[in-house]
Amino acid sequence: MEPTFVDRRRLMGAALAWGALSNLPVAQAAELITPSQSRLLVDVVDAVIPRTDTPGASDVGVHRFLVMALEHGLEGSRDPSLPGPKGRDHLDWLAAHLRQTGEKDIARAVAIVDQAAFAAGPASPPTPWTRIKSLILLGYYMSEAGATQELRYELVPGHWDPDVPVSGDNRAWSSDWTALTFG
Amino acid sequence: MSNYEFDAIVVGSGITGGWAAKELTEAGLKVLLIERGRQITHGQDYATETTPPWELPFHGAGDAALYDEKYPVQRRNRAFDEWTQGHFINDIDNPYSTAAGSEAFLWLRSYQLGGRSLTWGRQTYRWSDYDFEANKRDGHGTDWPIRYADLAPWYDHVEEFIGVSGSVECIAALPDGRFQPPMALNIVEQHVKSAIEGNFPDRRLIIGRTANLTQEKEGRATCQNRNICARGCSYGAYFSTQSSTLPAAQATGRLTLVTDTIVEAVEHDPATGKATGVLVVDANTGARRRHTARLIFLNAGAFNSTHLLLRSRSAAFPNGLANSSGVLGTHIMDHANAVSAVAIIPGFDQHTTYGNRPTGIVIPRFRNLDRNDAPRFTRGYSYQGGAFQGGWTGGKRMPGVGADFKARLRTPQAWRMVLVTYAESLPLASNRLTLDPNRKDKHGMPVLQIAFQHGENERTALADAAAEAKAMLTAAGGQVVISITEPGLGGSSIHEMGGARMGWDPKTSVLDRFSRAHDVPNLFVTDGAQMSSSACQNPSLTYMALTARACHHAVSLLKQGSI
Ligand SMILES: Cc1cc2nc3c(=O)[nH]c(=O)nc-3n(C[C@H](O)[C@H](O)[C@H](O)COP(=O)(O)OP(=O)(O)OC[C@H]3O[C@@H](n4cnc5c(N)ncnc54)[C@H](O)[C@@H]3O)c2cc1C
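Same order as they appear, the protein sequences are chains Z and U.
If you count by this note's numbering, then the first sequence holds residues 1 to 183, one letter each, in order.
If you count by this note's numbering, then the second sequence holds residues 1 to 563, one letter each, in order.
Same shape as in the complex, but just chain U (with noise of 0.2 Å):
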């Protein structure tokens, strides 16, 4: 033990990060978090939180020049805007390849202190058993070895802890968590409720629940309602690193942070089949050292972590550390989305709203669950989105100029519902990551190339969806003005996740029902790289489920001696 610098280095410090940090922390262990990106203080680095727009050069639309140049892929997030700039990487010093023949990849990232925390949506849902049976039932994917009974406890406790608001509905397929009270919906969202669930008796329509505070936590104020989340949020009113999981850790005294170093390879000794440590690179300096410690935590976002792997290659892993079976890097999903519907709601001219609510609302799936009611495709989708009064933008697309002009965009715009879907991505071998053999970023390091391609079965549910939101929206009075079934490019979802999946059978899968490497009994990648199917439901809450239950597990393991 004295050999090891740490009891447990944490690679990455973002959702999943931030999560083991604090459960390795609380449980005794002395451990390393190390992050590849910049220190960003809570609160005081928030640097454009309260930035009115005519302080900014581009009145929040940002220099399109600059984005051409160096955020060609990250300004495809409608997150990314002149405000927020600055929480995601350029794509210029972050390179990734897109292999031949494969359609293009949109890898949407944010590396600094937090990850992608500061700049996630919030939206925060449970899976459940249709979910995990999902693979075993169709025969799409390797079975996992686990079970909602499994996760439920973590679900629990990771809810409890970083706080969601939402409501209790009693609906299978969305199994209810332990809920801060939810946001309303909104007086057009409440008449489409009842719309939709008075003409579609196996269908909801439910406020979207979210880690944002509709009660005070420890040291956190409740939601402002500004929903200017990506910014970074000084009242904590929202779950990230900063404002949550890292005081916690930073709390017990035994946690050591470095930023700006990146992991270059994770370090194996064959004679123990053991992880020994890391191998770092310091990201200004490009100095390497290493670390050591018995543990080893990947969280670095599911490609990263998996890259992460793939560029750790050694005598006894030429293919990648943990890789015995072959398919570390295979199976990488993300869900297909489009804008199923937008229709024009009339008749609540005379209701308007106050306030910014940062959650909209979901549709739980539907299709396919006990019954095949959708038998063209396997799997279902659920939509998200909501109600509003369109603004001043809307003039953009409207004739008109002149004082009658300014006073109609004077008034909110007509009411409007839409209905944006996030369809099942199946686990196909052929959607991969490699090593592209040709190129290496400015550290050397071979950057990380990208095989991806929706499939036929997310084509015909996003055309079912489609279809259905239509219905759903015309039964409620609606004029439909948009209905989109082509897929958003993939990696458009910002969920991509699998690379290193869990499975029962060490020749078929990467991880352990505990997020172990089957090769390597101190490793653990507890990020999206481990997931086997991808549901259709946010993932983040899940990967966060899913690291706290492999912490105990392996603090139990490293308590028994057994690693």
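Isolated chain Z (complex conformation) (with noise of 0.2 Å):
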């Protein structure tokens, strides 16, 4: 691995040191956040992505993973120039959001805070629920189920057939690289 990889950072005054290609990131997640938050992200990256025939987003740990995303600025989560919360904070205004809907049930609640964050259509502005949103798509189509089993990947085509006639199995390619740069 790149050695540009292997980076010292400093999280919650602890110094932790990992190597490129170690779950590190993840298992520490647990250590960012109480059992409670963790108990709620679990209901939360579920409502999103719930098991269906495949497993939903928290059988495959997206929860954890939303934390650490948070914590290291994925999607402009720790942007300066964006209004809102900053890194794990945004854990803290996703709670008070999901209790402003009045809504026990937290897929219920869910659901209303992702219909405000998209009332003027798909081209609302980011909010907080939208980089939320974001990083538990990205901890779940990107783990090792989202992509193989939800989707489908494929490493090595091999080649290229440029007009395919949709048949049973028309499930998307996460290897499709262009498709989710311009997604």
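No wet-lab data here; the hints were simulated from the structure.
The beta carbon of each residue, even a glycine, is placed where N, CA and C say it ideally should be.
Be aware that one or more of the hints could be misleading.
Restricting the straight-line Cα-Cα distance to at most 20 Å, the calculated cross-link-like pairs of lysine to any residue (SDA-like) are [said to hold, decoys possible]:
(1) U:Lys-193 x U:Arg-204
(2) Z:Lys-86 x U:Asn-284
(3) U:Lys-217 x Z:Gly-158
(4) U:Lys-440 x U:Asn-284
(5) U:Lys-396 x Z:Asp-79
(6) U:Lys-136 x U:Arg-147
(7) U:Lys-70 x Z:Asp-79
Listed below are several chain Z residues computed to face chain U (Cβ distance under 10 Å; list not exhaustive) [to be verified]:
(8) His-72
(9) Gly-84
(10) Gly-87
(11) Ala-119
(12) Thr-130
(13) Thr-178
Fit the two chains together into the complex; they arrive one by one in their own frames, and the hints show the way.
If you want it as structure tokens, here you go:
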């Protein structure tokens, strides 16, 4: 792996060092949040991507991925030029906004928060929720189960077919990098 | 002759340096190739080539906090991600500055064996005489001292060696080359092609010409349609220094390669008027030493080669080596780019594709060729892009949660067609490189200062390009959802060029028609620095052809004993 990847960063005052391919960042998530936050996140990520005939978001650890991703500023979650919470503070924002819906059922509360964020349609500006949602999708669809069971993953297609009739299995390719970049 | 360690020194091992090393060693010269970055061994060092996203800590998106801290410029390159980040420089260790009053400039770089040959987009186009005659025709810049006919055999030579897949089209503005079989347009691109060509008789939509193999070549396999080239390709299916020119140079037994070695200055003997060698710094220890040779080739990348000449100051050349004209550093360019249109193309839901084709489409320049049909601006632009079906990332901007939402993201999203414009960048004296008087890098070298601004001509061309892109995609039944006219920041096309322009007159140009310094007879600059105009095609093929031509010329001068 690239030497640039081996990097020391400070998290919660504790210096953690990790190598490129380790799963350490995800494993450390538990230390960053309280057990009750963690339980809430399990429900939230599953509300977005529930278990169906394939695993759901919490089955593949997206609740832990989300914490690390927020902590590291993915999707602009630490961008100083954007209004709103920074990093892990998104979780407090989320808890407060879910509470404000008055819904006891987390899945329903999540649906309400989502609706509010997209009130202006798909061109709605990013909000703390759209950042959280984007990271849930990243955590899920690029997990092994998300990429290979829910979607299809082929690292070496071997050939190019410019026109394939849609048939039974029309799952999207998680390895279609153009589709992901311009999505 | 015995006073020199080498016959030739080549500075930089990227797209053009690899070519210089190959041509010069194959001509019998003993060559030292000096690369400032680290060694990357073909195949073996492509560390992330096969890594699946779930094995990366951030699933491919990368550590944004790390990127903010160390890669604030490089991260703005679409090719930069968690797989490829090790193939780009760290901005902290490689500083540059922007001149007061100038817009920010994104200087996107790869300092490593192979340079940006490992990370480039592989789009490979010839220039035509519309391009080589442009400066003369409208008076911007200085007349190119060469024409298409001078370069045509060298284009042949380069294409045959690197392997370019493309279609023969007989388009005057985009001459055909020696192609391997083309890759196919997908079903939606075929539809858009017939709509455009049916409604706009002056326009063509063709498959992108790309340096990815569709037929095997010596030691290189055909493209596997992965489209993850910038991670490095152990099939050797795209052209890079590692897959192509370096093995050829090494096979001669006459190449000496050093990595982790920064050329600080080119040394010059005022008595003979010739360059004598280079002063280098060990990138790891900071130790300095020199190497000598009869010929010096600069291939460090347009801005780096210019930077190197600017800092090679001496009593004879107080403003930089080979700069008696005073134009060294001036007239830098980078294509003005914008996403001119994205349209949803309905009617193809029952069609999909298989595989990841590593190229897109191109609509060659059609403006201001034989007729001045767009009089509000001079020169032209061309489009690149393609049609594709969106993936799960579209869900980020989609309302919805739960099982229905998951089901919606399971299948490909709507077909979309994208047209990105590259507009010609006019050569202006005010767009220029200088040495920053106040700032030095960690080796004590003054950093490069960039002054760059897109002009009114580029903006007017992009406005025309957006209007025409919308008209074409609408004619194809598309519903336009995005159209941008504002150019991306300078540098974002990653076609930065100019700084040591070629020209007829030593008083107004740095290099002669063979890429040789007017002032220093054994010094050649054959990367993008030599460019006198920018055209609107991706430039690297032209750099390679000019490099091969310059090598041939240099060797013949050497054999004649005239240098
Ligand atoms: C993502 C991306 C996509 C691109 N797409 C295309 C495309 O589709 N088509 C196209 O034509 N072009 C494309 N380009 C541009 C293309 O990569 C460059 O035009 C090309 O690489 C320039 O070749 P070069 O040899 O001049 O420089 P480089 O390939 O950049 O190589 C320069 C080398 O010199 C070394 N060096 C620099 N300074 C020194 C020094 N002082 N001492 C020693 N060594 C030094 C560097 O480390 C580097 O290895 C793209 C670039 C990128 C990054």
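**Satisfaction of hint between Arg-204 of chain U and Lys-193 of chain U, Cα-Cα up to 20 Å** = Satisfied, since the Cα-Cα distance of roughly 7 Å is no more than 20 Å.
**Message:** Checking hints one by one. Is Gly-84 of chain Z an interface residue toward chain U, by the C-beta closer than 10 Å rule?
**Reply:** 16 Å, violated
**Request:** Could you grab the alpha-carbon distance between Lys-396 of chain U and Asp-79 of chain Z and see if it respects the 20 Å cut-off?
**Result:** The hint holds at about 18 Å.
**Message:** Against the 20 Å threshold, does the CA-CA distance of Lys-86 of chain Z and Asn-284 of chain U hold or violate the hint?
**Reply:** 38 Å, violated
**Prompt:** Is Lys-440 of chain U close enough to Asn-284 of chain U, meaning Cα to Cα at most 20 Å?
**Reply:** Holds, at about 17 Å.
**Message:** So if I understand the rule, the pair passes when the alpha-carbon distance is 20 Å or less; does Lys-217 of chain U with Gly-158 of chain Z pass?
**Reply:** 17 Å, holds
**Restraint check, 10 Å cut-off on beta carbons, for Thr-130 of chain Z near chain U** = 7 Å, holds
**Request:** Below or equal to 20 Å on CA atoms is what counts here, so check Lys-136 of chain U against Arg-147 of chain U.
**Result:** 11 Å, holds
**Prompt:** Can we keep the Gly-87 of chain Z interface hint, with Cβ of chain U closer than 10 Å?
**Reply:** 9 Å, holds
**Message:** Given the hinted pair Lys-70 of chain U and Asp-79 of chain Z, is their Cα-Cα distance within 20 Å?
**Reply:** Measuring from Cα to Cα gives roughly 15 Å; hence the hint holds.
**Message:** Just to be careful: measuring from the Cβ of Thr-178 of chain Z to every Cβ in chain U, is the smallest value less than 10 Å?
**Reply:** 5 Å, holds
**Prompt:** Taking 10 Å as the limit, does the beta-carbon of His-72 of chain Z come near enough to a beta-carbon in chain U?
**Reply:** 5 Å, holds
In the structure shown, a violation is registered for the earlier hints numbered 2, 9, in ascending order.
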